[in-house]
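Visitor: We have chain W; now place chain U onto it with these hints.
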Amino acid sequence: MNSAYDVVVIGAGPAGSVAACKAAKAGLKVLLIEKRQEIGAPVRCAEAIGADLSRPFIDPDPRWVDARIRAFAIHNSRGQAAELPPAEPSLVVNRKLFDYQLALIAARAGAEVRTSSAAVGLVVEDDCVKGVKVESLGRSETVAARLVVAADGTESQAARWAGIKTIMPLKDYYLGIEFLLAGMKGKMDPEVCEYHLDHSLAPGGYLWVFPKGDDTANVGLVISADQQGTSPLAYLERFIGLHYPHSSVLAVISGGIPVTGALKSLVRNGFLVVGDAAHQADPLTGGGICLGMTAADMAMRAAVPALQAGDVSAARLIGYEKAWQQRFGAMHQALYRLRHIISHLNQERLDALVGQAAALPLDHMSLAQIMLALLKNDPLLLIEARALITTGLLLK
Amino acid sequence: MPTQPAQKRSSFGIQVNYHLCHNCGACVAVCPADAIFLHNSALIINLHVCTVCELCLHACPLQALSMADAGQRGAG
Chain W
1 MNSAYDVVVI GAGPAGSVAA CKAAKAGLKV LLIEKRQEIG APVRCAEAIG
51 ADLSRPFIDP DPRWVDARIR AFAIHNSRGQ AAELPPAEPS LVVNRKLFDY
101 QLALIAARAG AEVRTSSAAV GLVVEDDCVK GVKVESLGRS ETVAARLVVA
151 ADGTESQAAR WAGIKTIMPL KDYYLGIEFL LAGMKGKMDP EVCEYHLDHS
201 LAPGGYLWVF PKGDDTANVG LVISADQQGT SPLAYLERFI GLHYPHSSVL
251 AVISGGIPVT GALKSLVRNG FLVVGDAAHQ ADPLTGGGIC LGMTAADMAM
301 RAAVPALQAG DVSAARLIGY EKAWQQRFGA MHQALYRLRH IISHLNQERL
351 DALVGQAAAL PLDHMSLAQI MLALLKNDPL LLIEARALIT TGLLLK
Chain U
1001 MPTQPAQKRS SFGIQVNYHL CHNCGACVAV CPADAIFLHN SALIINLHVC
1051 TVCELCLHAC PLQALSMADA GQRGAG
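Chains as they are written, first to last, in my numbering: chain W, 1 to 396; chain U, 1001 to 1076.
One or more of the hints may lead you astray.
Stated by the list, open to error - A short list of chain U residues far from chain W (calculated; beta carbon distances all over 12 Å):
#1 Q1015
#2 Y1018
#3 P1032
#4 L1047
#5 V1052
#6 A1059
Unchecked claim - A short, non-exhaustive set of chain U residues, derived as facing chain W with CB atoms under 8 Å:
#7 C1024
#8 G1025
#9 L1038
#10 L1055
What the hints contain is simulated information worked out from the structure, not anything from laboratory work. All values derive from a computational prediction rather than experimental measurement. Glycine included, each C-beta is placed from N, C-alpha and C at the ideal position.
Chain W with its partners taken away, still in its complex shape:
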């Protein structure tokens, strides 16, 4: 580790590795630090990604593609399922190998990668971030940086250190728990991702079964953190005990996901924040791998010219914030509202909606057509969904 870099990236998840790779490819001197001892571990993810959205950053590789997905099946509590073709080719991946490959791509592009290296503070002078305090393998070091990129995930502290407000209300925080199960042969379709919209299975959230190849699957759920006294683990164990009683548990995965939509402020002087740290996960599903990588790309498109011009002020970096807002702002606002509508529907209406959707020729319909068809059957929902129409989700 040297004492000065053009860019220091905190966190070697997908967003951090893409940011480091882009900066290194532009000829900048880059350090990518990861507090964990190993890239990609522990996994904290349901591991489904869109192939098209990830392709600009990494080519699909059989080493980390565990399953190719033919359809998403939305289940209700009555045993009905609406099967939707994915909007783009979708994959279930091995995040450990996926993250490792992305970090390797960054390293090969010229970034210096260091694991077991935690950021413990920022160096701030004259209201500008100038570096990072790092603890690496028992040593404390101060590393100077012209730009610091916070890609330190849900538990981001770097954004707070830079004065960006990251705290969210518990209602906008998903708590996730997932088991990687073996012994699932015949109990799932190996090409279908199941989502269960059932408040008795996952209050205020949803439960999923994602195939992982052969007889394995990720079975997990998210509930919103404001469900006082609810144990996500107890819900998951009950579901698995009921449906997959003889399965083996090969991994236990837990984590939190902000589902607020992106932070209002993504930049400071000499500093920007990307990925889960920036709350850029999909506010409906909590999925954030491709969004994090896309955000990192957007961020470096603004930051690289800024670094080359010698001006890393927030006023210069704000191009990243604007680009994000333009591409995802309205859509994520709509998805945020959709999540609130769904989580407040009683089970009877939710069941009716999924039941009606199951009877539609979904293969041949756009999302807008599907939603309009459903709204016709539930006029009350139309009133609740006004906001979605005004924010344009139905027009996409």
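Guide: Frame of chain W, contents of chain U only:
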């Protein structure tokens, strides 16, 4: 620019059940006092900064956090 430590509301504190904790960091994101750190192999709560607001208790998917009883303070 870390958050200033606020007034403590309790003489006890939050404790971590390390048998349950998977070190996922879900609690870190909701801590308004910036009192929880996710180190390589353990979650650490800075009880000097913790305001015992208990938000982290609600944010743990495994319910590994709890209020410490008298005499147990420092388990974090």
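Visitor: Which hint numbers doesn't this structure obey?
Guide: Violated: hints 3, 6.
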